[in-house]
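Trainee: If you want the building blocks of each chain, they are given just below.
4 protein chains.
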Amino acid sequence: MVPKITKQKNNALANRARMLVSCPDQPGIVAAVSRFLFDYGANIIQSDQYTMEPAQGGLFFIRIEFDLEDLDNRRQQLKADFSKIAEKFSMEWSITRASRKKRLAILVSKEDHCLLELLWHWQSGDLDAEIAMVISNHNEMRDLVESLGIPYHHIPVTADTKAEAERRHLELVKGNVDAIILARYMQIISPTFIEHFPNKIINIHHSFLPAFVGGKPYAQAHNRGVKIIGATAHYVTEELDGGPIIEQDVQRVSHRDNVDDLKRIGRHIERTVLAKAVNWHVEDRVIVHENKTVVFS
Amino acid sequence: MVPKITKQKNNALANRARMLVSCPDQPGIVAAVSRFLFDYGANIIQSDQYTMEPAQGGLFFIRIEFDLEDLDNRRQQLKADFSKIAEKFSMEWSITRASRKKRLAILVSKEDHCLLELLWHWQSGDLDAEIAMVISNHNEMRDLVESLGIPYHHIPVTADTKAEAERRHLELVKGNVDAIILARYMQIISPTFIEHFPNKIINIHHSFLPAFVGGKPYAQAHNRGVKIIGATAHYVTEELDGGPIIEQDVQRVSHRDNVDDLKRIGRHIERTVLAKAVNWHVEDRVIVHENKTVVFS
Amino acid sequence: MVPKITKQKNNALANRARMLVSCPDQPGIVAAVSRFLFDYGANIIQSDQYTMEPAQGGLFFIRIEFDLEDLDNRRQQLKADFSKIAEKFSMEWSITRASRKKRLAILVSKEDHCLLELLWHWQSGDLDAEIAMVISNHNEMRDLVESLGIPYHHIPVTADTKAEAERRHLELVKGNVDAIILARYMQIISPTFIEHFPNKIINIHHSFLPAFVGGKPYAQAHNRGVKIIGATAHYVTEELDGGPIIEQDVQRVSHRDNVDDLKRIGRHIERTVLAKAVNWHVEDRVIVHENKTVVFS
Amino acid sequence: MVPKITKQKNNALANRARMLVSCPDQPGIVAAVSRFLFDYGANIIQSDQYTMEPAQGGLFFIRIEFDLEDLDNRRQQLKADFSKIAEKFSMEWSITRASRKKRLAILVSKEDHCLLELLWHWQSGDLDAEIAMVISNHNEMRDLVESLGIPYHHIPVTADTKAEAERRHLELVKGNVDAIILARYMQIISPTFIEHFPNKIINIHHSFLPAFVGGKPYAQAHNRGVKIIGATAHYVTEELDGGPIIEQDVQRVSHRDNVDDLKRIGRHIERTVLAKAVNWHVEDRVIVHENKTVVFS
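Protein chains in written order, with UniProt numbering: chain A, 1 to 297; chain B, 1 to 297; chain C, 1 to 297; chain D, 1 to 297.
Derived from the structure by calculation, the hints contain no laboratory data.
Worth double-checking, as some hints may not be accurate.
Put simply, identical chains are the same to the list, so a pair is met inside one copy or across any two.
Said to hold, decoys possible - In silico DMTMM-like pairs for lysine to aspartate or glutamate, Cα to Cα no more than 25 Å straight-line:
{"hint": "1", "residue 1": "Lys276", "residue 2": "Asp126"}
{"hint": "2", "residue 1": "Lys216", "residue 2": "Glu53"}
{"hint": "3", "residue 1": "Lys200", "residue 2": "Asp128"}
{"hint": "4", "residue 1": "Lys84", "residue 2": "Asp257"}
{"hint": "5", "residue 1": "Lys101", "residue 2": "Asp284"}
Since this is a predicted model, take the numbers as computed values, not measurements.
This is chain A alone, in the form it adopts within the complex (with noise of 0.2 Å):
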């Protein structure tokens, strides 16, 4: 099933482009770019750069969105032509069609708040991208995801069966999805299968990190006596709560709040910072720098 609003606007995106490019500073970059995609007739839609510490040298990002003529068929010459440029300047660089939805993997346990948030922003036609499958450990979801025509995979998981599970997972994932949100999934991944995704894995971990990191964050919030609780989006690294931050969002507590009740407000704000991350990741507007994500939103 394609969510009806998400059609009609691809059709207008079907000439939109996407430029990432990040690279040492130097006079000259945004001249040289915007020259070459003026030559090539491209009309720029939006812009954004940045420069990292301008004055230790630095690190400069663009982000630039276009629009050319015809272009499913001249982005391969497009490419070949930029990367003339992009050594020059030595820059890491990704052309992308927006027309070309990424495909993601959602994981999820018992609750169900995060999925039902990217499954309605989908359907609205706000997440640009295609949800090839959910994989749980849990069978509740079943019906509600595949009515929706998406496929759902069971795979439970006990301290016994998870690299099997895990083995499963990547068989279903590697080559096949270009993402893979965990919302709310709460089993561990390993390094492994870290590997095969680097900065590809988006996590929603339900406190502000760095404050409460691993298990029961609500808990611990609520022995702090925090007056402010809040959830992290976040890409998933080696180190557990530690990746590059996407997102990250709070919201007002008190006294009178006790654990079940910051669990029920902290749902709120999960779902809100994992939606918006997830969509700024499928629309190429992140780009990460060691620990850091510079986002372009």
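Fit chains B, C and D to the known structure of chain A by using the hints.
Mentor: Chains B, C and D in isolation, oriented as in the chain A frame:
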């Protein structure tokens, strides 16, 4: 110098009292307290209550503001009579007069924004306290403070003179002030000093605790790539940055903000959060229970 | 279908009652009410009070949650006995059982986000109400709603059939529901209909009222160049978008957001604000006084 | 008196320039501008662009910060050369030096919080402007202002002397200041005066415009029972409270807050919002288009 607005306010509040009570929960507490006040002819202006964990026995907290005619002359009798009820319900309690302003000592180092904020609230009548003195390990703010008629004590602190400095601090404040405000005072207070002012020293920490405990929190925040920064006002206990949290607030930041930007943005959060916490403290709105606060704001 | 979580919650709340009182302020109200409950053997779980303009006579509002053993059998007597106190203090009052869920009719047009949000809260047990029916002038959401076991009534509305449609609405809801939720129902409700449900119809308006009353508020907002947009949940009165405000919230926007962006951002605000307002209503947390609300949230 | 911090900053910014451009959208603008700067040997530090309604022809806006060696001596030539590009693309444009601080006149009545905030930002080096004078229809703030070395002009205003007062205002500011800040100046400015400073007079209105235009907005807000109050900084035009909005912010309130509370809470919003707007204005971050602003913050 007494701010004009505060003076007017106080006349209106000459008969206003504030009762703070915490005790094990049981039926009949509110009935007993409200009956007592009614029999005395008092008029309840505001009342806030909270039961912590009612299912497991529970702890009961209540704050009542009431007006009682001729309060000044009758308060000793009022307290003596109330102590019988308090005993019956094993209450910890206090009754204070709104017209009896708390005396504050403000400690400050080089950064002046928190001090300026408190002085502004005080001058505009929003901070209902007496600023008994400002103590600083620097001399820069003497003119400003003295021009407002507030004594200024310059007590330099070096590694060698730390103990001596603290002795002089104690001499100045002991028996002379009700609370001590660390308005970006960048020296660590010793456990011995803290013992003299349990839950009466308020510090502003420039991070969203428990994230970024200790020094240079904005550098830590920048390093971790957080998308939101914050500040925390808390009572000072032996554990560094570990005391009961009174208030916190946050502000959104982005990859564009370097450490200096975070400091600049943070200054606004710090001054607002500290001013709120001090305000609640002087109006007897905070009850500390173990390492948490109940704030009847 | 009854959501599982709600069921458990209700058993725990079988003896929970909620008392709402408003009356002219005078000494002794709290003493009388709390004494009454104590004599009855009730246990006060939570109590919130507020005095409006205490200096000018004042109006007193209180909400008390209490547990009373065998509530179901004793509530008639409880009410009869309380009415004597109520008379003495000229109270407007109600005592309701927490276990007796309010029945809601949800009216919706084409945009589904507010309906979906209410259904999600209901399924997760956060909305403690019974959804008696969904009524729509469109047929799109029938499958979803009926799959949850909720009756769906498709009542088309044209200029010619408006009166007839409203007659059918009334037939469905009168005596059958406790409140009506306009979850982005894009038809104007007639004064005659409103009279049957005073302060019992909740609408979500897609602007920060009183800014942008009437149609196309996001276009109005874009046109005015505001930097923040909002949504408002309010009780429906004869005056269009003029009834008592229950809840509002806002979100920051910029010159980059066109009308479609504002609509997309606004949908998130709308669903959150409406869900909060409905939640407070069904938990008897809202008292309407003239054209304002007192919300004991 | 020149704040110490600002002085240091300025030395670093001696060669920093800011270019603001708006023109009809068409391919090649960025290429032409960035090529021009590259050929001149300028180094782009930051660049922000925005295309309004790209589908319908569109308007293009760009703000570029760049460093150019020996800027002071070369800027006349730079402007002359750039005017050829500007002509080709029908640009409205400006190039200003960051080191050339804008001169401000601040007008204030009795409430001092907005003035104090601006002075604090100025002293701490966060407001990169010169405060040329403070004008007030009252005399209360003379000592404070003069103690900072800023000229203070007391010009009383009555119904009879209004025209004469404005004549004196004009005498003081015309040709002498770059912008005028109404920091809670409670007199209406005449259209004649406004004409001399198009989009150069910034006012802080104490409501979330367009809600509560005109007098006593906090009383209006209280009367309407809103749950959030706000403040709006805008350029002054002939239409009262109707000019282009630069910045807005809000704060949550409740039924407990009376008009005085709203005023107190509102003061914090007002000072923050005005300081931000003034800051953006003096850093050439605001472009006015028709009745809206593009803010490159």
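Trainee: Broken hints, numbered, in rising order?
Mentor: 4
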